[in-house]
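With the numbering used here, letter number 159 in the sequence shown gets 159, and the count goes up by one each step, no holes.
Please note that the accuracy of each hint is not assured.
[What the hints assert, rightly or not] No more than 25 Å apart at the CA atoms, straight line, and that leaves these computed lysine-lysine pairs for DSS-like:
1. K231 to K174
2. K261 to K245
3. K86 to K198
4. K245 to K346
5. K163 to K231
6. K86 to K104
7. K344 to K333
8. K82 to K261
9. K333 to K346
10. K346 to K361
11. K86 to K333
12. K346 to K86
13. K104 to K361
14. K344 to K86
15. K174 to K198
16. K155 to K344
17. K335 to K346
18. K198 to K155
19. K333 to K82
20. K344 to K82
21. K261 to K86
22. K198 to K163
23. K344 to K245
24. K82 to K198
25. K174 to K163
26. K261 to K231
Keep in mind the hints are simulated off the structure, nothing from the lab.
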Amino acid sequence: MSRALAALLFLVLLTSCVAGSGGVEIGPNGIETQGDADLPEMPKLGNGRAFFSTTADPGASAGLTPISAVRQIGYRFSPNFKSDGKVEILFVPLAPGGAVLDGKVRVSFIVTSNLRFEISGSAAISAVRPAPGGRPTQVVIDIDGSSSMRRSDPKRERVRAAKRFVETLSRVDKRNQFGVIEFNTTVEERAPMGSGMKATSDAIQAVDAVGSTALYTSLIRSIDALEGSGKTGYRRAILVLTDGKDTASSHGVATVINRAKAAKVRIYVVSLGGAGDQKGLGYVGPMQRLTTETGGVFTHVDRADDLVARFDAIAVAQTQGWIEAEVQLRGPKGKPGAFTAFSKLKLEMIVEAGGAAAKPKPIEFVVPFF
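Sequences and hints are given; from them, build the entire structure.
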């Protein structure tokens, strides 16, 4: 298989939440809202299709407050996906008033693949993460300022999204601290860790769109900023936005992962649409490794207009908690994994609570090669 063909096949699409029936509505301040989705029914199955739920009891979540919306945060592949078939889906189920529902929600999946053999699967709520309490958080906002962003984000939605993220986390806990790093051909620390809100906002506003993409170098600088802050007792994270693969770093992805793990830093990656033209061995694989191996999350949006909603979803998760559902996919004869690299899979998720259901847009991806 040629590299060009591999890159073409390795298209990963993870888009914003939409309702199963009414589509996306953008409410005040860019917040996504959703209508009700239909309760799941057993789909017509055949080779390459499967249906399963976190519980066999359709009424298991009936006693909860009715669900009104689902915000998808992202996903994590198991490093051994090709042999164990595991992927974690992170999401926030919301009640009509905006409160996060608990882990008793029922989640069903319809899986479709381009494979011509029987597939099956299972799912379970693997973790219910409450709103982080106690320790505050230090976050480096690591923003792509390369020339390709002129095309990917002409209205500079990444600036608005990053500012809202900082404002939300600061409002919830005044102890939370932020730094801002921009990368293009070089890397610039626009706001040191612990800068005030005005300095942080001004630094985000100053992000440019010139030059190449020194992504890995920027991540090393972000880790340095977290380690060099002199603060203890903080959780550490990097939220990086990029629309393309690294083209200007002297470091490799393995170096970044090792440094992040040693410093106990989680890396969250938001991939923006323009990168869809370059997805392949040089882009998505390393991005997924960065998040999987550091305990972070990979997520993708097709359009810059979706960035505010996706950053908001991550902020909601960080301030109110989230739920993780582990899906295990099986190939012929029920063998876990058994999927060849570059085979295509689509996961449709339906979340039920209180006799209502919400359905985000399907997650479509190609089996990773790592």
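Tested hints:
1. At roughly 15 Å between alpha-carbon atoms, K231 and K174 fall within 25 Å of each other, so this suggested pair holds.
2. Annotation: proposed proximity of K261 to K245 holds, straight-line Cα distance about 22 Å (limit 25 Å).
3. Of the supplied pair hints, the one linking K86 and K198 is violated, its CA atoms being roughly 43 Å apart against a limit of 25 Å.
4. Distance hint between K245 and K346 is fulfilled; the C-alpha atoms sit about 24 Å from each other, no more than 25 Å.
5. Among the hinted pairs, K163 with K231 is consistent with the structure: their alpha-carbon atoms are about 23 Å apart, no more than 25 Å.
6. Distance restraint check for K86 and K104: the Cα-Cα separation of roughly 21 Å lies within the 25 Å cut-off, and the hinted pair is therefore satisfied.
7. In summary, the hint linking K344 to K333 is supported, as the alpha carbons are separated by about 19 Å, within the 25 Å threshold.
8. Between K82 and K261, the direct Cα distance comes to roughly 24 Å. Compliance with the 25 Å bound is thereby established for this hinted pair.
9. Using a Cα cut-off of 25 Å, the hinted pair K333 and K346 holds, with the two alpha carbons roughly 20 Å apart.
10. Straight-line distance between C-alpha atoms of K346 and K361 comes to about 10 Å, which keeps the hinted pair within the 25 Å bound.
11. Of the pairs offered as hints, the one joining K86 and K333 holds, with about 17 Å between alpha carbons and a cut-off of 25 Å not exceeded.
12. Distance hint between K346 and K86 is fulfilled; the C-alpha atoms sit about 14 Å from each other, no more than 25 Å.
13. Taking the CA atoms of K104 and K361, the gap is near 22 Å; set against the 25 Å cutoff, the hint holds.
14. A C-alpha spacing of about 15 Å is found between K344 and K86, which places the hinted pair at or below 25 Å, so the restraint holds.
15. The hinted pair formed by K174 and K198 meets the criterion: a straight-line CA distance of about 14 Å does not exceed 25 Å.
16. A hinted pair counts as satisfied when its Cα atoms are at most 25 Å apart, and K155 with K344 does not qualify at roughly 32 Å.
17. Taken as a hint, the K335 and K346 pair is honoured in the structure, with Cα atoms around 19 Å apart against an allowance of 25 Å.
18. Between K198 and K155 the alpha-carbon distance is near 22 Å, which keeps this suggested pair within the 25 Å criterion.
19. Using a Cα cut-off of 25 Å, the hinted pair K333 and K82 holds, with the two alpha carbons roughly 15 Å apart.
20. Among the hinted pairs, K344 with K82 is consistent with the structure: their alpha-carbon atoms are about 13 Å apart, no more than 25 Å.
21. A hinted pair counts as satisfied when its Cα atoms are at most 25 Å apart, and K261 with K86 qualifies at roughly 22 Å.
22. Between K198 and K163 the alpha-carbon distance is near 10 Å, which keeps this suggested pair within the 25 Å criterion.
23. For a cut-off of 25 Å, the pair hint linking K344 to K245 stands: about 22 Å separates their Cα positions.
24. The suggested pairing of K82 with K198 is violated, with an alpha-carbon distance near 47 Å, which exceeds 25 Å.
25. Restraint check for K174 and K163: the C-alpha separation of about 15 Å stays at or below 25 Å, so the hint holds.
26. Between K261 and K231 the alpha-carbon distance is near 18 Å, which keeps this suggested pair within the 25 Å criterion.
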